[in-house]
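Trainee: On the provided structure of chain V, position chain Y as indicated by the hints.
One-letter residues, chain by chain:
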Amino acid sequence: MSQPMLTVKQAGPLALIQDAGRFGVGHLGVTQGGAADWIAFRWANWLLGNPLESAALEIVMGGNLTLVANSDVRLALTGADLAATLDGQPLTPNDSFMMQAGQTLVFRQPKKGLRAYLAFPGGLDAPEVLGSQACTAREQIGGLHEDGKPLKTGDQLTWKGSSATPRQLPQGTQLPLPDSEETVLDMVLGSQAAHFAGRSLFDAFNQPWTVDQRADRMGIRLTGKALNSRLGGIVSEGIPLGAVQIPPDGQPIILMNDRQTIGGYPRLGALTPMACARLAQCLPGTKVRLQPISATQAQAAYRAQLLKWQ
Amino acid sequence: MKLRLETAAMDALTVRLFDAIDESNMAWIMAADEALRRAFDHALIDLIPSYTTLLVHYDCQKLTFAQATTLVRSALRNLTPADAQQGQLHEIPVWYDERVGPELPIVAQRAGLSVEALIERHCSHDYCVFALGFAPGYGFMGLVDEAIATPRLKTPRRRVAAGSVGIADRQTAIYPLLSPGGWNILGRTAVPLFEHAKRGEPLLRPGDKVRFKAISQSEFEAAGGDTTPLEERS
Numbered sequence: 001m002s003q004p005m006l007t008v009k010q011a012g013p014l015a016l017i018q019d020a021g022r023f024g025v026g027h028l029g030v031t032q033g034g035a036a037d038w039i040a041f042r043w044a045n046w047l048l049g050n051p052l053e054s055a056a057l058e059i060v061m062g063g064n065l066t067l068v069a070n071s072d073v074r075l076a077l078t079g080a081d082l083a084a085t086l087d088g089q090p091l092t093p094n095d096s097f098m099m100q101a102g103q104t105l106v107f108r109q110p111k112k113g114l115r116a117y118l119a120f121p122g123g124l125d126a127p128e129v130l131g132s133q134a135c136t137a138r139e140q141i142g143g144l145h146e147d148g149k150p151l152k153t154g155d156q157l158t159w160k161g162s163s164a165t166p167r168q169l170p171q172g173t174q175l176p177l178p179d180s181e182e183t184v185l186d187m188v189l190g191s192q193a194a195h196f197a198g199r200s201l202f203d204a205f206n207q208p209w210t211v212d213q214r215a216d217r218m219g220i221r222l223t224g225k226a227l228n229s230r231l232g233g234i235v236s237e238g239i240p241l242g243a244v245q246i247p248p249d250g251q252p253i254i255l256m257n258d259r260q261t262i263g264g265y266p267r268l269g270a271l272t273p274m275a276c277a278r279l280a281q282c283l284p285g286t287k288v289r290l291q292p293i294s295a296t297q298a299q300a301a302y303r304a305q306l307l308k309w310q
Numbered sequence: 001m002k003l004r005l006e007t008a009a010m011d012a013l014t015v016r017l018f019d020a021i022d023e024s025n026m027a028w029i030m031a032a033d034e035a036l037r038r039a040f041d042h043a044l045i046d047l048i049p050s051y052t053t054l055l056v057h058y059d060c061q062k063l064t065f066a067q068a069t070t071l072v073r074s075a076l077r078n079l080t081p082a083d084a085q086q087g088q089l090h091e092i093p094v095w096y097d098e099r100v101g102p103e104l105p106i107v108a109q110r111a112g113l114s115v116e117a118l119i120e121r122h123c124s125h126d127y128c129v130f131a132l133g134f135a136p137g138y139g140f141m142g143l144v145d146e147a148i149a150t151p152r153l154k155t156p157r158r159r160v161a162a163g164s165v166g167i168a169d170r171q172t173a174i175y176p177l178l179s180p181g182g183w184n185i186l187g188r189t190a191v192p193l194f195e196h197a198k199r200g201e202p203l204l205r206p207g208d209k210v211r212f213k214a215i216s217q218s219e220f221e222a223a224g225g226d227t228t229p230l231e232e233r234s
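Residue numbers (our numbering), protein chains in the order written: chain V, 1 to 310; chain Y, 1 to 234.
So here's chain V without its partners, still in its complex pose (with noise of 0.2 Å):
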């Protein structure tokens, strides 16, 4: 008898192999990666009884992206709604459900939100590298093919656990989706925020900003209202995740999980890493706004997402 597995019958336009993301390695150059909604990540190896961090699907769209089970299996879905259907049947996300052998599961496109996670018992089945499985297209690392190639047609997804122990999603559980008007991003206003001129300062705070098309895993592009810094360019320095940075047209970039390690230009703060998550499941032409918080009180709902899980 053949090993589990899923078969790729039709690549829809991405979805990458992701685990919480490559850590420690950042002074060699090597990006952070790992699941952009590191929340909806997290649900989905939860639903299964999976240890956290395991590697998942993120899928980015849908697209068709089509995949068929060569055997019976408990997988769980969560984040975007990308009107995902098993034979045809309409899938509830933010559940676990059976695949049954020579059933179909298709992700066609986005209902509310931009990346789905599926889940497989015990993790995903995919080549470590510097200590992580995340797949990242700009650096060659990561994936299947150790190529950080998405998945393409004819790949096939092995899991490593036998089954799994399902659960539901606790009663109230808010995964982070953008809001129908406005979605509000917390920010730590950083050091280099002095450097910005006050009104620029204001603009930041009290306008709505909108998600470009130029948006990816690597930085998302907001327009509205040019900010100004009388910073420059800067010398390259270290760039954290969710970094608002700002280059010399005025318009934000967010850097997200696929960021260069270092950068030049000024950067206003960073998001908080739960702001990232919701910003990552923002299609273009969403309106969001910016919001100051401190890093005490990021930290504090930080660790309030973390004991959820516990």
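If you are wondering where the hints come from, they were derived from the structure by calculation, not from laboratory data. All figures in this text were calculated on a predicted structure; none of them were measured in a lab. Glycine included, each C-beta is placed from N, C-alpha and C at the ideal position. Don't take every hint at face value.
Label-pair ranges, simulated between beta-carbon atoms [stated by the list, open to error]:
id, chain 1, residue 1, chain 2, residue 2, range
1, V, Q109, Y, A66, 32 to 40 Å
2, V, E146, Y, D41, 25 to 33 Å
3, Y, R170, V, A300, 43 to 51 Å
4, Y, L3, V, K225, 34 to 42 Å
5, Y, T69, V, L283, 34 to 42 Å
6, Y, R158, V, T296, 44 to 52 Å
7, V, K225, Y, R38, 39 to 47 Å
8, Y, S114, V, G285, 54 to 62 Å
9, Y, R152, V, V184, 48 to 56 Å
10, V, Q3, Y, T155, 42 to 50 Å
11, V, S162, Y, D41, 34 to 42 Å
12, Y, Q86, V, F205, 18 to 26 Å
13, V, W309, Y, T155, 46 to 54 Å
Mentor: Chain Y only, in chain V's frame:
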């Protein structure tokens, strides 16, 4: 050296030691790197040294913002520069040739030097690895002799072969992977900078030194070098 501590993110601090790029910074940066690694220990998630700063990403489940700030200050009190010999010295053999380094004659002409004199100039200094970035294992090194400093190409190439050795302003670097790039390419090395598929780690680390050594085409080929001309790859 003057220590300034800046908020970079919820759980990251920028430790600023200098304002301008200088080779002498690195002894201090690497001493700070070592002191911070030791002080933060398991509470350290990532530490990214660069030309004038270090970014400390700490685990905020283990340390509060206030504790992290205090820890940086105590770790860097009485800091003394690291021993200049501490970083590893890498000798990198390079086949300098127009076929794999199309800017070789252009950079030479701009500097008013023969190609041979340019190569000698590029090989005459032990370059300091200031930071890694742009791509895994891509070391920003310097400073090259002012006479051969050359601005980046106006239009970056879409594909620069792995092992390509280039100059941009007063910095020099080796492309670890096939990638886009706008540096002036002078030659190619067969030394692997990052063989992740073989579970290796990048060769260069911040604070290391690099000395280039000119080799012939036959030596380059004997070392397993790929002689495919650069422009044929684009």
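Trainee: Compare the structure with each hint and give your call.
Mentor: Status of each hint after checking the structure:
For the pair V/Q109 and Y/A66, the beta carbons lie near 46 Å from each other, so the given range of 32 to 40 Å is not met. For V/E146 and Y/D41, the Cβ-Cβ distance of about 32 Å falls inside the hinted range of 25 to 33 Å, so the restraint holds. Here the CB-CB span from Y/R170 to V/A300 is close to 45 Å, well matched to the stated 43 to 51 Å. A hinted range of 34 to 42 Å for the beta carbons of Y/L3 and V/K225 is consistent with their spacing of about 36 Å.
For the pair Y/T69 and V/L283, the supplied restraint of 34 to 42 Å holds, since their beta-carbon distance comes to about 38 Å. Here the CB-CB span from Y/R158 to V/T296 is close to 46 Å, well matched to the stated 44 to 52 Å. The beta-carbon spacing between V/K225 and Y/R38, approximately 46 Å, falls within the hinted interval of 39 to 47 Å. With their beta carbons about 57 Å apart, Y/S114 and V/G285 fall inside the hinted range of 54 to 62 Å.
Between Y/R152 and V/V184 the C-beta distance comes to about 40 Å, which lies outside the given range of 48 to 56 Å. Between V/Q3 and Y/T155 the Cβ separation comes to about 48 Å, which falls inside the hinted range of 42 to 50 Å. With their beta carbons about 37 Å apart, V/S162 and Y/D41 fall inside the hinted range of 34 to 42 Å. A beta carbon spacing of about 45 Å between Y/Q86 and V/F205 contradicts the range 18 to 26 Å that was offered as a hint.
In this structure the hint that V/W309 and Y/T155 lie 46 to 54 Å apart at CB holds, the actual value being about 49 Å.
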